[in-house]
Amino acid sequence: MQNYSLSVWARCSLGAVGLEGADRRTATMADGKGFTCLMVILILGNIFGAAAGLALCALAIWVAVDQFKLYPISGVSGKDDIFAGAWIAIFTGFAFFCMCVFGILAAAMKSRALMLTYLILMLIIYIFECASCITAVTHRDYLVGNSNLVKKQMLKYYAADGDSGSQITLTWNKVMKEVECCGTDGPVDWIEYNSTFREKFGTDYPWPTHCCKRKNNYEVVNVEACKNGQNTTMFTKGCFNHIESVFSRYTWAISWYGFAVLMFMFLLLILAMVYYLML
Amino acid sequence: MHPLWILQQSTSVKDSFVSTPWAGPWLSGPQELTWSENQTRQHLVPDSRMSRSILVIPALPFHIMLRSHESHLFSTAMRTMFIFFGMLFTLSNAEFQVSLLKESDGVVTGRFADSLLLSLPPCALATQSVTLEYNNTDTNESMLPCRFRRDIISTIENNGQFTTSRNLGYQVTNLTTGSTYRLQYVVGAEKSNILEVSTRQVKDPNQIDSGLPARSGAMVVITVILSVSMFILLVALIVTVAHSLGGD
Numbered sequence: 099m100q101n102y103s104l105s106v107w108a109r110c111s112l113g114a115v116g117l118e119g120a121d122r123r124t125a126t127m128a129d130g131k132g133f134t135c136l137m138v139i140l141i142l143g144n145i146f147g148a149a150a151g152l153a154l155c156a157l158a159i160w161v162a163v164d165q166f167k168l169y170p171i172s173g174v175s176g177k178d179d180i181f182a183g184a185w186i187a188i189f190t191g192f193a194f195f196c197m198c199v200f201g202i203l204a205a206a207m208k209s210r211a212l213m214l215t216y217l218i219l220m221l222i223i224y225i226f227e228c229a230s231c232i233t234a235v236t237h238r239d240y241l242v243g244n245s246n247l248v249k250k251q252m253l254k255y256y257a258a259d260g261d262s263g264s265q266i267t268l269t270w271n272k273v274m275k276e277v278e279c280c281g282t283d284g285p286v287d288w289i290e291y292n293s294t295f296r297e298k299f300g301t302d303y304p305w306p307t308h309c310c311k312r313k314n315n316y317e318v319v320n321v322e323a324c325k326n327g328q329n330t331t332m333f334t335k336g337c338f339n340h341i342e343s344v345f346s347r348y349t350w351a352i353s354w355y356g357f358a359v360l361m362f363m364f365l366l367l368i369l370a371m372v373y374y375l376m377l
Numbered sequence: 004m005h006p007l008w009i010l011q012q013s014t015s016v017k018d019s020f021v022s023t024p025w026a027g028p029w030l031s032g033p034q035e036l037t038w039s040e041n042q043t044r045q046h047l048v049p050d051s052r053m054s055r056s057i058l059v060i061p062a063l064p065f066h067i068m069l070r071s072h073e074s075h076l077f078s079t080a081m082r083t084m085f086i087f088f089g090m091l092f093t094l095s096n097a098e099f100q101v102s103l104l105k106e107s108d109g110v111v112t113g114r115f116a117d118s119l120l121l122s123l124p125p126c127a128l129a130t131q132s133v134t135l136e137y138n139n140t141d142t143n144e145s146m147l148p149c150r151f152r153r154d155i156i157s158t159i160e161n162n163g164q165f166t167t168s169r170n171l172g173y174q175v176t177n178l179t180t181g182s183t184y185r186l187q188y189v190v191g192a193e194k195s196n197i198l199e200v201s202t203r204q205v206k207d208p209n210q211i212d213s214g215l216p217a218r219s220g221a222m223v224v225i226t227v228i229l230s231v232s233m234f235i236l237l238v239a240l241i242v243t244v245a246h247s248l249g250g251d
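In the order they appear, the protein sequences are chains A and B.
Be aware that the first sequence starts at 99, since it is given in my numbering, and climbs by one per residue.
Be aware that the second sequence starts at 4, since it is given in my numbering, and climbs by one per residue.
No lab work stands behind these hints: they were computed from the structure.
Glycine residues also receive a C-beta, built at the ideal position from the N, C-alpha and C atoms.
Check each hint, because a few of them may be wrong.
[Stated by the list, open to error] Computed spacing ranges between beta-carbons, pair by pair: (1) MET376/A <-> GLY214/B: 49 to 59 Å; (2) ILE235/B <-> SER264/A: 41 to 51 Å; (3) LYS105/B <-> LEU152/A: 28 to 38 Å; (4) ASN271/A <-> SER230/B: 40 to 50 Å; (5) ASN139/B <-> LYS313/A: 35 to 45 Å; (6) GLN164/B <-> VAL163/A: 44 to 54 Å.
One chain only, chain B, in its complex shape (with noise of 0.2 Å):
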């Protein structure tokens, strides 16, 4: 028996990396994956040479054991039908997230007077159209903008070696000041959640109350403590004098 362990730890609930078994000359020979879910047992047998490499199985809740044979252990039809599997769970969740740019994402915020930064549907649907359904919750008319490669928010690192650019959002412009929006990404069949955000508002400069804000306590200390010794030495410079005087 072999051992058999998670490689790693996956950062999708839906898929887990399995350690390929230890090379050996036993295992020079094509090996078998087999899984169940749900107490049914299936298994695939490689048909063809590959070269090591990870497998992505789809889903935790599978039982996974692994059986050597005589080639090596996985094949192009091993792949596609893992991936099959892995597609079947991601559909099952339809709706992706999508949200307003906060200061976590790279940016000081994601709402602006006349337009908003929103997040970008996830990779996985990549190279599909998109379409970004909004309406003005006031007047109740709805855009049906095309996705502008232009309006796409990116960084652009460059460390003099290579060049990394990331897309990190979405700006929708052309917004008006102050009012509520309803957004919502429609990729082919999915939809995104649908986002209610409104613009910021933007105030008037001479609301903002520029009076005194309150009084320090180091101003009342040395205001209280200054007069009191003013007071007090003009009270004795007096006497003094008038001391000395009548003295004489």
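Extracted from the complex, chain A is given alone in its bound form (with noise of 0.2 Å):
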């Protein structure tokens, strides 16, 4: 029923062309041995490009998944096209999947029409694929390519009222806590600048409580101590160092692993368009 269909289609769109009625061009190419070894090259190839479609849907997962739980640094600056890209990786990992084994089918029924399918769909999903790999690294070298922006975005929304000072509040804290760091570049940065926790809460405590180095039962070892700074009762490394690998982590998984399956692509399709023109 399928295969009956999609002829139907094909006298159509062959219809559409003009060339309604005409035989199909007798296939002088059809029997050599180097046409044989290019189907053979090109179904081998649909199954590996299927499975990397399939693998970069399920990286692309991984980083919308967002373990370490920082979406809110770039939601909250507009920057977040890391994780659209990888929504759309998603999408155009399954897709290429999808294409791969229908271009086996293709490449196996020797049919034109179908060729001509496959070469049409994969561009566009070649498209979408490129446009997520240039923007999720270039948004990447907007959020992490110095430590301004998540410097001055901490300051701003730290402490402050709002969904995103609340959203900024609680992943600074989280950050601060487990990777134990204070600040994006170190500690200074809480009394080097104006910030919206100082505004609140005035210069008794010149920076975060989270800075602090706590026991096991939650309780800040020597509130004192951390006040003045010392370095045995508080964190002392910044936080960027860990933020900015966590982003280029992403950013590498959607942007360098998009980049190699489209190279792999781009090859496939070369070799899928030479055996359309000899079908």
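Take the two lone chains and join them into the complex the hints point to.
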């Protein structure tokens, strides 16, 4: 049933371009050894491409899930296209998988119409995947090229009211507690700049108490020592290294792996076009 | 002749530790320590028995010679003499150092927006009362606060067996942001050097430039190569379709 509907569509499309009733061009090259070889290469390439596309889909799901829970830092700043790229890659990865399976079918059946369909659809998916890679890597540069944007956002939104403020505050508290760090480049950020935190709570606490070391029962080890800035009772490294490494990891997953898949698909499509011309 | 040597490298240039003579039957009597300074010889003969002890000898340019006698080596009188000579040298350098606390002292920073962390006067002046004089160089108002115990910064380390408490420094509070201060300790007759520091000027976070810092190499490579490949594929597809249609 499926074959019948496909061939009807093929006849319709051929009719649309004014070839109604014309015979198919006799395949002068269709019986050569090179032709068979090309078909085998195409089928194997499509099998590999299907696997690669499925892996892209899975990797993009991992990025979209955001196990490090750092989405608010990019969301509040408006530069969250790393995650938009991940969502696009979920769909294009799965679409590559489906199209490559279809490509195996088209190559095996030696059908021009199917191959043309395959080529056009693959090109559309290719363009979407390119968009995903480029936008993910560009927004990563905006977000974590240097520590300024993250620092400004921390100073402005930490302890602020509103939805953005609460999201940023929760994210930073989590990062400072788990990574054992304070501030963007260090605790000095809190005393060097004015901030919403300082305006709200005054200068008695130079930095949030999440910068202080805590015991296992979550009690601060020594609040006074932490306020004075003693190294042994508070965290002195900055959090930016961790934030930058997380966003870079997400971006390399989407953009570099997507790039690799696209380069492979590029070669595959060129071969498919040659095969189509030989059909 | 008994060998005499410096026991350990003293951390101050003022004192050195000299070995006591080896125990032996000829050392049961009193010993005397002779040293000469600038070619004048002085020696002390102990008059009471003392147990073996480490002697602190002030200043290295002494020539030291140890001579044994019948009784034990050192006496309280000798010890007082040595301390007296030691004090002479200490008082000759009457100015001690005060500085801001740095990262190597165990704090994040010594300069806050409204307070400063200073090092304490040396331990030799302990138990004396200290005054800190500081004035704001802009407004020229002088402050002479008393030394409050609670502004001392101390670390307390407890490892389960014993607790050690160490005084790190002194925090001068209630200062104005971004102004320069001159600070000096005064301990009785001694003064420290005058330390001129300024508190931090708090900056506006809106001044931080959070625009695009630079385009990374990865971004350029990916964008260029993908754009070119997209273009090539589009052109190739058009050519293929045109060729196949034209060929038909």
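These are the hints, each one checked on the structure:
1. Checking the proposed 49 to 59 Å range against MET376/A and GLY214/B shows it holds: the Cβ atoms sit about 52 Å from each other.
2. A hinted range of 41 to 51 Å for the beta carbons of ILE235/B and SER264/A is consistent with their spacing of about 48 Å.
3. Evaluation of the 28 to 38 Å hint for LYS105/B and LEU152/A yields a failure: the beta carbon distance comes to about 56 Å.
4. Range check, ASN271/A to SER230/B: Cβ separation about 41 Å, and the 40 to 50 Å hint holds.
5. At roughly 41 Å, the beta carbons of ASN139/B and LYS313/A sit within the given window of 35 to 45 Å.
6. Between GLN164/B and VAL163/A the beta carbon distance is about 47 Å. The supplied range of 44 to 54 Å therefore holds.
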